[in-house]
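Undergrad: Following the hints, complete the assembly by docking chain B onto the known chain A.
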Amino acid sequence: MQLFGKISSFTQNNSFGKIRTYILCGVKEMGKRIIFHVDVNSAYLSWEAVYRLQHGDSLDLRTIPSIVGGNPETRHGIVLTKSIPAKKYGIQTGETLHTALAKCPELVIIPPNYGLYMQCSKAFGDILREYSPLVEQYSIDEYFMDFSNMERLFKDPVVAAYMLKDRIKSELGFTVNIGVSTNKILAKMASELQKPDKVHTIFPDEIAEKMWVLPIEELFMVGRATSKKLRSRGIRTIGDLAHYDPKLIKPFLHSHGLLVWNYANGIECNPVRENRRPIIKGMGNSTTIAFDIDDRKTAHLVLLSLTETVATRLRQSGYCARLVSVSFRTNEFFDCSHQRKIFSAIDCTNAIYEVARELFDELWKCEPIRHLGIRVSELCQNDFQQMTFFEKDYAKQRAVDRAIDSIRERFGNGSVFRSAFLNSGVRFSSGGTMDDEEYPMMSSQL
Amino acid sequence: MKIFCSKDSLISGVNAVQRAVSVKNTLPVLSGILISAEKQSLRFAATDLELGIRCEIPAQIEEEGTIVVPAKLFAEVVRKLPDTMITIKEENLAITIYYYQSEITLRGYDPEEYPLLPDLIDPMSYTIPTLIFKNMIRQTIFSCAVEENRPVFNGTLMQIEGSNLRLVATDTHRLAYSISEVENPKNASFNGIIPAKTLAEIYRLLKDEDESIQISFNKTQVVFQFGLIYLVSRLIDGMFPNYKQVIPQTCETKINLSVKNFLEAVERASLLSHDKSGANIIRIKVESTQLKIDQTTELGKISEQIEVTTQGNDVMIAFNAKFLIDALKVIDTDQIIFELSGPYSPGVMRPLDNPNYLYLVLPVRIS
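Chains A and B, in that order, give the protein sequences.
Everything in the first sequence is counted per this note's numbering, starting at 4 for the first residue and increasing by one.
Everything in the second sequence is counted per this note's numbering, starting at 1324 for the first residue and increasing by one.
Chain A with its partners taken away, still in its complex shape (with noise of 0.2 Å):
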């Protein structure tokens, strides 16, 4: 009994150390770091009501219960953003138009306007590049800006940090939080504590008493799923997952349970990148449709009109895929998807619909479609392709894409479109937010 005692003591007593060491060094490392997490409060919602007031309206849909959404009607019908009198009602995001005005009838809907959004996150990310030469854009409405050694310019981060708040706050009318700490983690976690409108530190000696004392929900890549794991084992707060043994983690959270140890002990040392691009490794692009689809033809132009975008991303980014995958979602809410490796890497929008087609046509069983859904993955660059006999070579379609690319970057994207989509009722290309321009997309990497 006793050895056992001691044994266990022993290793507890071991991966404290361990966590202990780690937070040190990291102090220790990033002392002299000093970054910021700029988030717009209620991104949407508020870029909307700035631009209301500024032509002419008298509301500001900041103090009334309203939601930016999608429409009901072409069944995009989810709660985008809500304003925080409507968060009063018991309004969240994500839930559907209909329960949300079921919770309240007199709130006001607004349609997403995606052109306003990227219009407002640029002006925004201006006013930051004034400050720090290295500001790198997180998602539409969060930038992260490396503070460090500023001490000449701005003798207390803090007092900067309200400064810029109050600047953009004056200039573009709408409000921001900005956490400020020594890495990416905490400054996020920073600016995410009381909104809107404010400035908040995490520094490393303030983990315990701001960070570890929130619900295990509040940090960062802790989502359902893994808040429901953690919460069946004991662990409510990030403090509980700070001081979790992470040999005990693993095992049921895998590499994805280090990370969140991590992050809950304030561990991370992403540099802030300038103009960064993610590692990309796949892309695709899905659509809810404004009518059930029943007929083969209908949904082979969806599909195609999806590849017509992806393909197109695809070869912008100089990549070409070597996996093909479609999905869809039945009128019963069914998820269903399939997927086919192909002998050589690809870019040409025909040669991705050709197996995307294929792959549909073995999946589809005649279900009423709601959602179609085209991804391409396992990505290699495209400045070299591996010739071959017996097959059809692609070189010709390549220059025919490049060239239709550019006549679509000059003229704009509906310039040329193919004409099987002439009076079918179905849009040239789908899916995505806006389109030319590129939608900054969260990542799960800081």
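These are calculated hints, taken from the structure and not from any lab test.
Take the hints with a grain of salt, since some may be wrong.
[Claimed, not checked] A few chain B residues that don't get close to chain A, going by computed Cβ distances all over 10 Å:
id, residue
1, K1347
2, E1386
3, P1393
4, L1396
5, K1403
6, K1412
7, E1426
8, Y1432
9, E1470
10, V1505
11, F1513
12, K1530
13, Q1548
14, V1569
15, Q1634
16, N1679
[Claimed, not checked] A short, non-exhaustive set of chain A residues, derived as facing chain B with CB atoms under 7 Å:
id, residue
17, Q388
18, M390
19, T391
20, F393
21, Y397
Cβ atoms here follow ideal geometry from the backbone N, Cα and C, with glycine treated the same way.
TA: Here is chain B on its own, set in the frame of chain A:
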């Protein structure tokens, strides 16, 4: 059933058939090995319904009988047996193995449920010297496709026409071709695609002391018999593409080079060209008496230069290094002739003074 035999005979029987045991387990009984004791031999058989192997081993049979034993477990047990005379008894679908004063009992399956390996009806047959066939397999099989989306490329085309025996394998990026002269007194003719797995098994099981291999075939199946082994395989259904039309008849550059030097240079250069996506591209430059491989990647830089004799134009061409290495490793001669025709046409490797082998490799188009 009751038999006596040595541990070594049991092992050789199990080893011969084990690879044919089904791994997918559509029918539980297929995960077993059929053992039957008849007259003076013990027969092992296994099949996954595509490939079937039967092997006879010498044993002393006291009582005839059959049983199906679970393949994996039985194989493990047999390998762990002591080196002594073994007695095996079958009773009520269980098999008991006796050695010294100990015994192991394993539960088996009903042999009635085990599918019979087909004996071909009306087959044509043909005999090849083992050494020739083994070498032909070795020089072609690596070119078969691994991806499973085009079944015809997962096998090797075997053609018997008069006194010619040909094996051709391709994965659409490269093509290996081997031809031999073999006596064909009965004037058999055959044209079928044999799965790469079957040929790999034959290659593994063929021993140099087996002098010849007898092949019999019909439209859908082929049987190979050698030594104590009987191997039956399904043929791959489908048309093998016309490989003759892709073999270039002329060339613009003819390079005579040493296999060893070229292989080593390509292998070294490929170390620096490994890409995360699996592509492994090397660029070759041929200038009068030199062949150069210059490679600069984020990993570093290499410049290889080997002396060669060339005829024709200078050329710059890129290949997947693996495709070159695979072929250079199986070519038996010291020198090869490497024929090129510009950066977008296939390269052809021929062993010097051996017209019976040919390897075609398509380049990589670089933008």
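Undergrad: State for each hint whether it applies.
TA: Verification of the supplied hints:
Listed as a non-interface residue, B:K1347 keeps its Cβ farther than 10 Å from every Cβ of chain A; the least gap is roughly 19 Å. Distance check for B:E1386 against chain A: the nearest CB is about 52 Å away, which clears 10 Å, and the non-interface claim stands. Residue-level check passed: B:P1393 sits 31 Å from the nearest beta carbon of chain A, beyond 10 Å. For B:L1396, the shortest C-beta to C-beta distance to chain A comes to about 29 Å, beyond the 10 Å cut-off, and the non-interface label holds.
Chain A leaves B:K1403 outside its interface by the beta-carbon criterion, the shortest separation being 32 Å against a cut-off of 10 Å. Non-interface call for B:K1412 relative to chain A: holds, since the shortest CB-CB distance, roughly 45 Å, exceeds 10 Å. Even its closest Cβ contact with chain A, about 40 Å, leaves B:E1426 beyond 10 Å, as expected for a residue assigned away from the interface. Annotated as non-interface, B:Y1432 keeps its C-beta farther than 10 Å from every C-beta of chain A; the closest such distance is 35 Å.
The beta carbon of B:E1470 is not kept farther than 10 Å from every beta carbon of chain A, the shortest such distance being approximately 6 Å. Chain A leaves B:V1505 outside its interface by the beta-carbon criterion, the shortest separation being 27 Å against a cut-off of 10 Å. Every CB of chain A lies more than 10 Å from the CB of B:F1513, the least distance being 22 Å, so the non-interface label holds. At roughly 35 Å, the least C-beta separation between B:K1530 and chain A is larger than 10 Å, which holds for a residue marked as non-interface.
Against the 10 Å criterion, B:Q1548 stays outside the reach of chain A, whose nearest CB is about 33 Å from its own CB. At the 10 Å boundary, the C-beta of B:V1569 falls inside the reach of chain A, the nearest C-beta of that chain being 5 Å off. The beta carbon of B:Q1634 sits about 24 Å from the closest Cβ of chain A, which is more than 10 Å, so the claim that it is off the interface holds. For B:N1679, the shortest C-beta to C-beta distance to chain A comes to about 21 Å, beyond the 10 Å cut-off, and the non-interface label holds.
Nearest Cβ of chain B to the Cβ of A:Q388: about 4 Å, under the 7 Å cut. The hint holds. With its C-beta approaching chain B no nearer than about 4 Å, A:M390 sits inside the 7 Å limit, and its interface hint holds. Hint on A:T391 holds. Least Cβ distance to chain B is approximately 4 Å, under the 7 Å limit. Hint status for A:F393: holds, given a least beta-carbon distance of 4 Å to chain B, under 7 Å.
For A:Y397, the suggested interface contact is broken, since its CB lies about 10 Å from the closest CB of chain B, more than 7 Å.
Of the numbered hints stated above, those contradicted by the structure are hints 9, 14, 21, listed in ascending order.
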